[in-house]
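A.B. asks: The task is simple: from the sequences and hints, build the whole structure.
Residue numbers (our numbering), protein chains in the order written: chain L, 8 to 97; chain E, 8 to 97; chain D, 2 to 225; chain F, 57 to 821.
Errors might be hidden in some of the hints.
What the hints assert, rightly or not - A few chain E residues facing chain L, derived, Cβ under 7 Å:
1) H17
2) V46
3) S47
4) V58
5) V91
What the hints assert, rightly or not - With a cut-off of at most 30 Å between alpha-carbon atoms, the simulated DSS-like pairs for lysine-lysine come out as follows:
6) L:K68 with E:K50
7) L:K50 with D:K223
8) E:K56 with L:K56
9) E:K68 with L:K56
10) E:K56 with D:K111
11) L:K56 with D:K106
12) E:K50 with D:K111
13) E:K50 with F:K352
14) F:K352 with L:K56
15) D:K111 with F:K499
16) E:K50 with L:K50
17) E:K50 with L:K56
18) L:K50 with E:K56
19) E:K56 with E:K68
20) D:K106 with E:K56
Hint data in this document are derived by calculation from the structure and do not stem from the laboratory. Heads up, the beta-carbon is just placed ideally off N, CA and C, and yes, glycines get one too.
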Amino acid sequence: MTGMPSYEAHIDISHLPGVADPAGSTVERALPALGYDNVSGLKIARSIKLVLECASEAEAKRQVTEMCERILANPVIENYAVSVTELARP
Amino acid sequence: MTGMPSYEAHIDISHLPGVADPAGSTVERALPALGYDNVSGLKIARSIKLVLECASEAEAKRQVTEMCERILANPVIENYAVSVTELARP
Amino acid sequence: MTTRVGVIQFPGTNCELDVIHAMTQLGADASILWHGDPTVNGVDTVIVPGGFAHGDYLRTGAIARFSPVMQAVADFAASGGPVVGICNGFQILCEAGLLPGALQKNAGLKFLCEPAEIRVETSRSVLTNGAQVGQVLRVPINHFEGNYICDASTLAELQAEDRVVFRYVRNPNGALDDIAGVCNAARNVVGLMPHPERASDRLLGSQDGNVLLGSVLSACAKVS
Amino acid sequence: MADSLHVQLGMTDDEFEAVVAELGREPTHLELAMYSVMWSEHCSYKSSKPHLKRFPTDAPWVMVGPGEGAGVIDVGRDLAVAIRIESHNHPSAVEPYQGAATGVGGIIRDVFSMGARPIALMDPLRFGNLDDPRTRYIFEGVVSGISGYGNAVGVPTVGGEVVFDDCYRDNPLVNVFCLGLLNHDELQLAVAGAPGNLAVLLGSGTGRDGIGGASVLASAGFAEGSLDKRPSVQVGDPFEEKRLIEACLELYRRKLVVGVQDLGAAGLSCAASETAAKGGAGMDVDVARIVRREPKMTPVELLTSESQERMLAIVTPEQLDDVLEVAARWEVRASVVGLVTDTERFRVYDGRFDALGIPGKNPARPHGDNAEVLSSDSAPIADVPIGSLGDGPVYYRPLAVPDDLAERQADDPRGVLATKFADGVDLSAELLTLLATPTIADKTWVSRQYDHQLFLNTVVGPGSDAAVLRLKGTTKALAISTDGKARFCALDPRVGGALVVLEAARNVACAGAVPKALVNCLNFGNPEHPEIMWQFSEVVDGMSEACAALDLPVVGGNVSFYNESRGANIDPTPTVGVVGLIDDLKVIPPAAALRDGDAVLVLGATAPELGGSEWASVLHGLHAGVPPIADLEAAGRLLPFVAELANSGAVAGIHDVSDGGLAVAIAEMAIAGDVGVVIDLAGVPISEACSQAEILFSETSNRVVCSVSQLDVEVLLAAAVAAEIPAAVVGIAGGAEVSFGACANVGLVEATDVWRYAIERSLRR
Ligand SMILES: Nc1ncnc2c1ncn2[C@@H]1O[C@H](COP(=O)(O)OP(=O)(O)O)[C@@H](O)[C@H]1O
Ligand SMILES: [Mg+2]
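C.D. replies: If you want it as structure tokens, here you go:
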């Protein structure tokens, strides 16, 4: 416990445009057989949720973005989007 | 093209409470070595985006929820949250 | 002098003993380099073997590249030392930026353990100096994420610089341009998806892998 | 009125009374919970124990028989092999991927708990028919689960079995076999040693997943709508297990442990009490020392959780620091949770060890878990005689021959089929349909998802009668086969049980090996039905007779009862894993393939035996008659002969005859050799008059097909005569057709196509 506020971060990691998403297209192809022939553009992304203790929301966002750059995403094939919200203190 | 409106659906899939997430905890345990010792509760799951043509937003939501139950999520170990927004007509 | 081969062991690596066995059969002095030690211990060549370093959780190789040994490997590579990444090792070298590109899930979305035929595309690499260009080798694959990808300019560069080391005769996983292995610009770092150590003995059905592992040993002889 | 606690926990009133009598008082909630899991069918074998005693378990090469984590046999040169097989049927029905994955994890822990490095897995699997979408989902999920866990944990899956039959539709069978290798002096046993020794819990944190798993899932029927009673699904973590394997093997190598046991069914209650009870010691456990994955876990949950990837090591206080250092190096959590005592009691505390000065401190609790640690002088929250937990009730359940059995046996399919397929009728379509039957068809779709080559031992991988693993550094090799044949057991469990043993032994012999040991997994319906218990008893007798005749000790096994759903029980399905030894592996053993120009030889005589055959049952829906005879003497002559043949280089190809009979065996060899074959049925040795269809499709036991150079035929035939084995040349390999003369004739290309792609086609439907 640091006494600092906690933030919940949501990270969505998706394929860069132009990089195939075989899992997404496989699911999309399976849907018509189940009666859904009205679906397109299905994409599957990895989503990561975490809680971090940090001095400020801006700092939390900065750290999470840095984690994405360094380890959570692979810039050669992936994009990421980060959102951060403060958690109510317990 | 059916002439029906299009909706974009976002599906956030997460683990049911009590279900272990080995990938999430492994990444969490790796972070301190990279200088992030302020992270907890890291969970890795999936998110899905898709577009569907449907008569109404309510119907779109119903269909996506049904897809989650049938194929997109695994209700035995996963929870899902669905949100649907109408896309501007081109 | 006997060539000293260092085989890196991360938690989750599982082909390290196999590579050591195959290299020892070829007369080398092969031993393990622990991922947590920040050194390659003065070996003549480093092999990053296959397996599931850190469970392959998050992405293959994503966590492994931060292990202390990897800085030492990067320095060793920069000084011209021969480095070979096999399967998971290839994935790790890509994540670490020692090789270009990335490896994605197989197009069929299934793990594949089966024989493969690969064509040697260049003999100018530490892994193929003893092979003939055009030679077809039978070397098994064993992976879920072996589908090589890189951006268009990187691909053009790889092709122009003769850095595609192997291509599959029949593409099993959707890899871009049938690529099974690539090398860096200095040609001393090579990554490949197939497992040469699994084709190292008559009793295993193929000895073609020894052509490659033997090349590494001769590359060491040249360096020293 | 709500059920009383013991009923909710799955105990009978009598069992509850027995606990009260044992303790001389009413049990606490925790005590009752521990008894309920320890005395569950899954842990206590209360219905099966009296029968399992009848298995022959001894041989000079047996180092450890049934009762430990795995059986261990001596294979010479100071090497030993540990083997075990187990089921994960119920969890796989709930969540196919994770159910199968955690099954793999569990059996691997059994094997490395003996000190062995796990080097091979096999997976006998059974599903409903692939035309059912849910079955396709379960099948794909189970195979991915085995692949996902087995490959990542670094143990190759070198073979297995897949059978499709309607009786498994709602109750798939996922059995997993594991083999490990050790030096004699590395053998570990689950013992606690002297008082003062410490019990160290290694591996994953303990969570609420799998609470009551053993008693809830595997010890009662699968009721409709029981969803809310399900414990949360266990998720396997192969990376944790891989580190656990390496850490434990290093502990063994450095002689840092006194004893070790895996945590399986009944979790810590079982592991901690069993190790101590064996040596006549006692054990104190402090739940405050358990690493938790979830907040606010109760002692009941902590003691009965079946969270995966955990081991209990017993160490001396002097060696604790070294043990903790090894664990830390492998990033394996380790905490001292128990103390061996001389009390012969199993006592549980919540927060006493710190005060007693027992090394280690209470691990950090998860976020939100601020539960207070109780004071050090507080009374135990459980205190029971340690032996009583493992000494559950034994039930001599009633046995009864099923009412309709005699009638079914009398209704042999031979009559109907003889009329329909009299000599002269073209049987080509029958053969093609058989080859495309998923149970018979190529299993490469499955096996290529498994790493089957790791460790560079796999001389013969999936696709032959048996897998063959060389033992590096020696000239020796092991051959392994897993088999089951439930339809035979349904028609006559005693004969069926023997036939299963014979088939596995024959498969191993075809690889050139002498069968040395057997483990079995007995998958049955509800033992409270006397007919099921009768099947069980008969299968045990049949298997015992066959094992005794072949000098094949049973060194371990597993019983899975309550394989019933919607009131229907599965066919009695014993599966076995047999390990054979090749003393001097000179060449890669012959494949199950023909070689162009070779003579095709059949060893063993064919009888008109169609009961339970693939042809009668699957193609023609005739589930009746009697199974083939299990001729144990003939097997005793055939097996050593075949083993010698296969290992001497005298034959180019060899294949045992099983599902689909001679026609399928020969067609499979043609496909594998990529060469046609011309057979003259008149040459096939028979022991009784047979129609052409009967020669092709009968599943008579004790038969083998060989591909032999023309030059060697005479010598081989003479040797067979000398060994009193019926043998004859029945044809020649060559051409582009698989031809059985006038009665069945199919193109090699077509036969190959239907056999090779049948499973993929069924899945694409
Ligand atoms: N589930 C499986 N996993 C791995 N290999 C399998 C599996 N099922 C079948 N195989 C392999 O396919 C081959 C044929 O299996 P099977 O028909 O059961 O053999 P047999 O009739 O000789 O016992 C064997 O080599 C077996 O190991
Ligand atoms: Mg066989």
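A.B. asks: Quick one: which hint numbers does this structure break? Sort them smallest to largest.
C.D. replies: Violated hints: 1, 5 and 7; rest satisfied.
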